[in-house]
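**Q** The primary structure of each chain is shown beneath.
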Amino acid sequence: MSESRRKFIQQVGGGLVGLSAISLLGKFTEVEATANTEVKDKPAQIRWGMVVDMSKCKEGCTDCVQVCHSRHNVPDHGNAKDEIKWIWKAPYKNVFTSKSHRYQQQGQLEKPFLTLCNHCDEPPCVRVCPTQATFRRPDGIVQMDFHRCIGCRFCMAGCPYGSRSFNWRDPRENLKQLDPHFPTRERGVVEKCNFCAERIDQGLNPLCQEACKEGVITFGNLNDPNSEIRKLLGEKRTMQRKTELGTAPSVFYVVES
Amino acid sequence: MSNTPIKGNVAYYSWVGFLALVIALGFAAYLRQLDQGLTLTGMGRDVSWGVYIAQFTFMVGVAASAVMLVLPYYLHDFKHFGRIVVLGEFLAIAAVVMCLLFVVVDMGKPMRVLNVILYATPHSMLFWDFIVLNGYLVINILCGHVALTAEKKSVPPPAWIKPVIYLSIPWAFSIHTVTAFLLAGLPGRHLWLTAILAPRFLASAFAAGPSLLILLALLVKKVANFDAGKEALSKLTTIVIYAGLANFFFVGLEFFTAFYSNIPSHMHSLQYLYFGLDGKGALVPFMWVSTLLGVGALFFLLFPQTRKNEKFLALACAALFISLWIDKGIGLILAGFIPNPFDEVIEYAVTANEVAITLGIWAIGALILSMLYRAAITVKKAWED
Ligand code: SF4
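Quick mapping for you: the protein sequence lines, in order, are chains P and B.
What the first sequence shows, in our numbering, is residues 1 to 257, in sequence order.
What the second sequence shows, in our numbering, is residues 1 to 385, in sequence order.
Hints listed in this document are in silico derivations from the structure and should not be mistaken for laboratory results.
Please read all numbers here as calculations on a predicted model, not as lab measurements.
Yeah, the Cβ is synthetic: ideal placement off N, Cα and C, and Gly gets one too.
Check each hint, because a few of them may be wrong.
[To be verified] Quick list of the computed label-pair ranges, beta carbon to beta carbon:
{"id": "1", "chain 1": "P", "residue 1": "H147", "chain 2": "B", "residue 2": "F299", "range": "48 to 58 Å"}
{"id": "2", "chain 1": "B", "residue 1": "G276", "chain 2": "P", "residue 2": "Q105", "range": "22 to 32 Å"}
{"id": "3", "chain 1": "B", "residue 1": "W288", "chain 2": "P", "residue 2": "H147", "range": "55 to 65 Å"}
{"id": "4", "chain 1": "B", "residue 1": "L359", "chain 2": "P", "residue 2": "L232", "range": "36 to 46 Å"}
{"id": "5", "chain 1": "P", "residue 1": "S98", "chain 2": "B", "residue 2": "G276", "range": "48 to 58 Å"}
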């Protein structure tokens, strides 16, 4: 079945019972008992993903954040309430809320960890959006249409990772400098990391990956067993955030050195 | 409405004038919000829904509660509700209009509201809420209007309205169920992620709505000399008691599951609401006032001596209404965001502009209700004479 046909049937099924009948039926069949959502193997399709190797990340460095935010015209309003962020650092204990304990090795709990949108394979933000202003591209990138977003912020309630920001005020007022290569947003819409979809479409890697001198970030196709990212995933011990919620994040972390 | 039998035209128009003033202030505040953005509210990156969506959730319940008059009257032929069924339907109209307004003022891009229809998305519960709420509005306008017109002409209502009335019964349940589904299907918001959210919503709605109806019935008796009748009031009181007890039972169930299982993420929001979390507890006093008012009101309603006394009844209903409003119109929505996905406690504080807009919408609801009630009572009285 073609992707669009499958989507159509899913929506009509949803239209009849108020739920996406087809996808539910899938869940009602026999599956393996695991906390991790079983990601369907679609080897013919690209699924972009990222490994963040925190053992290499330099404390105090914010190169990736700076580059991302300036090149995507992310404003700095100077207060936490209105804050917009696409990629940032937060203490390990806040990023891995259920994987922290008080006897953890020295400094681990407070160690700053990179965090960004996980481009979930089963994104709740996409499920709840009433206008498909946030949608999952066939290559796995969870994207925003700033012209369609009605600003209801349902996606912010739906995202269990706090990855989304809303433009409570005019973002253009607080841009240090404007980058003409990327659209600015209007007040009243939601935004978040887009895995640099605009660059991927040109065959480039995400800005954060390019900006990092320590090689913390590896970006690639999770569906390709020979890709660099898959090799890394095969070698290192990695974790994802809140897998028990069935979101199937596409961002992985190497935690230990 | 000439030769209105309602005494005190001066009082009525002063009331309307007062509401108009509150509406004007709210409108001015909304213009300010349109100009500067939702940054004028207490909402932020962490608590991204505030008093607007909380009022919306609460008012959906008030709207749904009309069914507590429609169902006994039409399905069980409980004749005593004949005089006040239309008061319930008109309350539903005012409440749904308020709901829609609360959603619109909460939107970042209100001029794009029709995108919900243009890009209809069945897997979003908000799409379904949009459908059921607007449908419920139409159904209630239709039922109320047809019934009153028939009474005005002293003819029985046309037969075709019966199926619409019957449809309104499951429809009323659907609006609050779908509203619960907005919240109850979100992974990671543990306060809401509970299968009894919909029944809990219905229970609190069927306690709060009829409490308000009792208060309104007592009010129109006083100001318009229109008596709903003892039986109607006592039946409504029974409904309030059972629904109120069910509501607190459900709250107790939430506490049991969270605290007996001892799963931190399930306990956090409740801890924040009732005891404070990470040293922050702005809502703690509110929640205890809510609990005391609610439990106290139910206690007094249980005794025939007190509930048969209209003063006591009014007091108890007001207390219960306020209790449930605090619980659902403040606590439930805010605490769903606390702690945030990073397990940080970041609180929400309402702003003056937000309060002005909220009061403005309440005043719009009160104005619609006053006008509809005045019209209905005029017709009813003329008919009864
Ligand atoms: S991390 Fe949040 S915003 Fe990103 S895809 Fe997952 S649910 Fe959506």
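**Q** Decide, hint by hint, whether the structure agrees.
**A** Structure-based check of all given hints:
Against the hinted window of 48 to 58 Å, the Cβ-Cβ separation of P:H147 and B:F299 comes to about 55 Å, which satisfies the hint. At roughly 31 Å, the beta carbons of B:G276 and P:Q105 sit within the given window of 22 to 32 Å. Restraint check, B:W288 to P:H147: a C-beta distance of roughly 46 Å breaks the suggested window 55 to 65 Å. Checking the proposed 36 to 46 Å range against B:L359 and P:L232 shows it is violated: the Cβ atoms sit about 57 Å from each other.
Against the hinted window of 48 to 58 Å, the Cβ-Cβ separation of P:S98 and B:G276 comes to about 22 Å, which falls outside the hint.
Checked against the numbered hints given earlier, this structure breaks hints 3, 4 and 5; the rest are met.
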